[in-house]
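S.K.: Each chain is listed here by its residues.
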Amino acid sequence: MEARCAVVETWAEFGCSSPGTAAKVIWSGEDVLICTGGDEVSVFNTQELKLTAVLQFLSPVCHMVLSEDKQSVYAVCESDGVYCVSLPTLHPKSPTPPADQSPGPALIKVLSNSLAARDEGVCSLIEVGGSGGTLVTVSLRDAAWWFTLYKAADHQKLTQFSLPVVSVGHHVESEENSSAGLVMRPVLACVYSSDAPPLSSSSSSTTTKLPPLSSSLGIKHFLLEPLLFKLLFGVDAALINSPMILCGLPDGRLCSLPLLLPGRSGPCVRVLHSMEQPIMFIGTTTGTNYGPQCLVAVGQWGRVVLFRTCEGGPEEGGKVAALTEGCVSGPVVCVCAGREGLYYSTGSDLLALDLPGVREEAPKPEESLVVSHGERQGQGQAMVRARESATLQSPVSLNVCRVIALAGPSHNASGIVQLVALSLRGRLQCLTLPKGTETGGIPRLPLSQVGQRVRDLLAAIGDVCERASVLKSTIQSKNHSLRHLNQVLNVCCLLLANQNSGEQLPVSKKPIRCHVVAKWSRLLQRDSLNLTCVLDNSSPYILERNWTFCVRVLPLSYPLPAGGVNTSQTFSFPFQKLEPGGRMEVSLPLTVAGDTSFPVTVSCSLTYSLQSLLGSEELSRLLANGEPASRLGLEGGWVSLPLDTLTVDWLDALQVTGTTPPHRDPNRPPISPDTVSMDIVEAFVSTRRSRGSGRGDGEGGGERMVASDGGLFSASIKVSTELLRGTLGLEPAGSAGPSQGVCGSVLGWLLSQGTGEEDWRGRGYNGGQESSVVYARCLGRHTVKLTAKEVTVGDTSVKEAVEVRVQCSSMAAVCGLHHAVLSRVQALLQGNASTQESSMGIQGLCLRQALQRAQVLSEHLQEARIPEAIGLGMTTGQTTKTLFSVYRQLRENPLLIL
Amino acid sequence: MSRVSAPCLLDRWTEENNAIVDKWKKHCDRGDAITREQGLTLLKWCYVESHKLLQKIQGVLAVPAHVQLELTVVYNCCLFSFSQTQLTEAEHLLTHSLERALGAVGCDRPPPNPPVFWCMVLKSLGSTPSLRSCALHLLCLSWALWLSTCRLGHIQELQEELQSLSEGLGAVEVAVERSAVRPAVLVHPRDLKDLLLICTVIAQGAELLCEGRCSEALTVLQRDPSPLAPRELLAQIHTLTGLCLSRTGRPHSAMQCYRKALETDVRCVCALHQSILVYRQLGNTQAEIQALRLLHSVLIMPPATQPAVAPPIICPASLLPGQSLSSLLSVPSPLSVLHSLAQKCVLHGSVSEGVEHYLDLLAALQSDHQLSQGFSEAPSLPRLPELYLEAGSSLLTAQRPTDCLALCDEVISMTLELLPERLLLEEPMEASVPGSPDKLGLGQDRLGVVLWSGAAYLLQAHCYSHLKDWKQAVTHYTRCINLLMKVSVKQKGCVKQELGVRTLQRLKGLALAGRGISFTHRDQKRESLRDLQLSLQAAPGCASAGLWLTEVLWRLGRRQEAAAFWEKSQSSSTAPSLEGVPLYLLDPQTGPSLDLTDLQRRVEEFINAQHS
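Read top to bottom, the protein sequences are chains S and Y. Residue 185 in my numbering sits at position 199 of the first sequence, and the numbers go up by one each step. Each number in my numbering comes from the position in the second sequence (counting from 1) with 793 added on.
Calculated from the structure, these hints are not laboratory results. Backbone N, C-alpha and C fix where the C-beta goes; we use that ideal spot for every residue, glycine too. Heads up, none of these hints are tricks.
Mimicking DSS-like on lysine-lysine, the simulated pairs with C-alpha atoms at most 27 Å apart in a straight line are: (1) 867/S x 771/S; (2) 464/S x 563/S; (3) 563/S x 505/S; (4) 305/S x 1279/Y; (5) 137/S x 95/S; (6) 95/S x 36/S; (7) 837/Y x 95/S; (8) 137/S x 837/Y; (9) 36/S x 56/S; (10) 849/Y x 837/Y; (11) 1283/Y x 305/S; (12) 818/Y x 837/Y; (13) 819/Y x 845/Y; (14) 771/S x 505/S; (15) 837/Y x 143/S.
So, partial list: chain S residues that the calculated Cβ filter (under 8 Å) puts toward chain Y: (16) 98; (17) 99; (18) 101; (19) 216; (20) 217; (21) 220; (22) 225; (23) 226; (24) 303; (25) 304; (26) 305.
Kindly produce the complete structure, drawing on both the sequences and the hints.
M.R.: Structure below.
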């Protein structure tokens, strides 16, 4: 079905609560009369586009028609009968009313003195012949349709006849339909023979006059070609030029009633045909000058019946009236006749139906249903109908919905066709039909324009195609985003579940885990410590773009001059694509040599940027919504998922040089001036320290640190061998292999996370059973000596232990390393919570010693503070020295870690 | 509480009732002061108001004290309902109220069968005089309802009670006078009863007459009617009596009755129509024509202006809705009367008057105002083309051939397109009632179209031969014959020919004869002889054809044959009946004359000479 759009212009709106079939529009000249089923009829002026008058009746108006001379309107009221209102009285006499500035519509009350016919049962009416003519009403009473004729002039009842109601009763239907607001009422139309002009008897020319439809809107009087008129209605009616009243009853019967009755006996009302569905419209194709006219009836469910003349059968010849049936999709709500076809509304659409009889040849007799001699038999009809329905063109949609009443059409000079429609909501609309619909579905273009038209159409198709592809890609990207989001959410869930579960999973079990390794590298003669972070993705999800791996480096302690400002650094590494099972290694400069703000905390996290996925606009919209975004923790459109927090300490930063002291390796060329200068400074400092340390030498016990070795500071820690064996998984003492003793293992363990492990192992330090030594270079290029040796502790019950000693010329390095070793051991202890009872004694001993030491230290402290308290001039140098030695002794932890 | 308020309420209701009744009565008395429309509105108002009042009254439980008021209001109410033709409503109201009343006086619920119901009601309420009168009022009402719904059986069964109404209603006066404020009644029951009585007589008479029991009807109708009855009803009684008499074979007595009816009511057109039928039966053509003229003039008189007053509450028309009565009293339409008049005039001498009537008739048909002249289903007009043809032939008879030609032209042009190429008729034709075309189109009209067209050609040919334009005459006769030859009749052993076929044959005969005669005048004797012979074959009853055949034979010198044919035609002089033959198919009156005496003389001389 080809669809074309009519231009809809809303003129006015009327309250239209439940318009049934009472809704009606009449278009007469400049006026449009609108009845929506209430007790008011509105008059709308199409020139000024405003309501000019409102007729108020005493009861709801259920039907109205215009008189033939367009001078008066007849309205059927529900409880009274037929009112006749003269239209000229509605307009003020003076052509220019003084109060031109939007005078409100005049309210005219129609009183009972305008009552034309008192008959409460009137369903439908028609007026023929103007004021000198006749008014015909149809009413339902006592199971019969009563046709009553009144004089139009004085409304005097002339005569009436009845037609029995057939079984498909009006009542039954009305009960069903009343809920839907549809009360079927008979349709009346008046048909003239076209050689008998209805009003002007003078112009009896033989040529068919142009039907006056274009000029006289809203009148349902139709002209029929004389031959068809005679064939359908008989010679008698044609002889006296009787107008025929056609009545389509709700039971589907199409009746004819000659208005001028030759005083004949028998039934005056003749049933022409039965449509078997309520008749909605009767009319003729008013057509042009050419071609046969035909009588059309349209049923509610879309059956269209055409009566035309055609050649009689071969046995008789002559002309006969033929009946063509077709079907359009129903339901038909309202119909109006155009020049060459019909416009009808199904409620959901407005359609233009071109009638075949207008332009085409009359059908061949065998194709249509020739009705004569009472030959109509049921069996043949179905076939004929099926064949005939094909001859009916398919209607053209005009894409206007909800039309319940139609009037018009009007054809203006430029060929624009307009209809007036009333919508279901009571909206008065002017429909300007697209050109071409009036001439049927196929616009007839001149050949020259066909090419252009084809090009236009192709261009239109191209546009549509483009739009479709754009839409498709949008859909694809949306899908893509959704898939991404799903991944993101999965990853989020995975990581958040880890966090929320409380206890941390062991690192190795985390689906996405990372570990860091500090590595020294030498670039441009400068040593720098690089942190290498390795991210293992053992989750089933791909970490794609938009994910970022963030590493935040935060020193645990930082120099005070920084003013407490968080000197953390964040490094972020966007992912390209990390498949499940893949790993990503990133390295970041941790510090240049000499920077000593160790240990540092390294926080690893995964962040996801929604912005890159959604685009900034959408994201801002999402964020503006507030609540869900904030719940997701989407400040700024970032999702941040912490992975791990690791610590990089002095141990990690050690550079193992070997098991022998490096001592100015002659092989090594003098390095950068920077390092050289460092060495000078270092030497100086170490001499200072050695002197200092030498003073307090004698106070320490055997276990205390020795500063003998070139003025080195040292710190030690004792760990029970048993514990180490247990936690490090070493062999028991008995089955000692020649390779490595406990001491070596301990050093290996301590340095395992540091750099240079491989070198160190490769070199194969020659640590004996009792002790092993590792030399390394720490931050600040100090040489550090790490010693591990087995000692026995305790008097009563000898306990084996490993003493780890750190020796370095730099105090800071010793402290840092001591702290690092302690934290390692602490971590070790956390991992192995069980304590052996047997060690209680040793522990007690150690505690005692520690207490003694603490007392001694306390005394030292007191001593140091006394002169100050007394006010004696003790030099600050002395005090500092004293305090420093106390500090050093505190470092010497006598405790045995079991 | 009810004891305190009851009398007061009773009074108020009574006043309300009286107010309504007064208002209506005042309106009726005032007469012309207001329009009919306003009267109808008032009537509707009264109807609504009285029903409201009744609802109020029936809202409380029926107590004996109320019953009289209630029944009176019911009476008024039902009358108003009756005026609005709400018959079932009135009946329901009546039954319901009586049941209430019976309940109030403590009687059982009566059976629904109306006669038994009423016997019981009268018995139960009869003891109290006031209630009895009310019951009688309602009985009147019930009677009216039965009458207007044609339930004459009930009236028959309750005849005794109805007869006793007169005495009962007389007693009412006394009984009712006593109460202080008496509820007013809309129509006095006695008036109602009188009206009902005469209407019953009419209805019963009509019913019996229709059933063919004329003597019984006569006895019913000849009951002494009340002289105060409306004139129209009396006239109807007379007419019905006349009908009885004419059907029992006493036309002269019937005429007397019709005259009486007309004397009683001038507008009793039915009596006039019936007298026309009697005249026709008696063969008194002149009187018939006179009566037809009179009837026509009465019928086309403008109807009496309706009185400005609203119609009475109960009008006789609503009491006499019977189909039998209306069919008995029906009158043909003025057009049909005019047609009869014209036809009679043409057939019986006064051709010019007949022509005038025909022309009037055609003019009336063309005009839009024919509808105002009423309509009825009684004897009807023929089909319009036939009417045209009749008018044409009468014009020809009146020596106006050009007018005839014009009329025939109209018929021909009208039917030209409808003519079939061929038409095969099978006798007997399917039962087709003439005058009622079938569902769609002109299936049954197809023969009619041929016949009309042919007859129009024939008349035109007659006109031309009248004008002595023999060439044109031959042309038109030939057209007619050619047209008729398209129809072929398949005989199926049916002896009696149908009207259509008979007409066809007659038309053929006339056309052939006419052409034969025209040929004679063109001196084409052989063709003439052939046509005349064919004509006699087709339609044996064509008298002029026989004469002309003799003449042609004579002229051809075949005197022997001419004499033989003459003798034959003289001996079998019984012309076939022309009954049912349309006016335009009668032998042309104005054709070329043949000196019959001369022919007769010649032929007889020849015969005598032969014999001698």
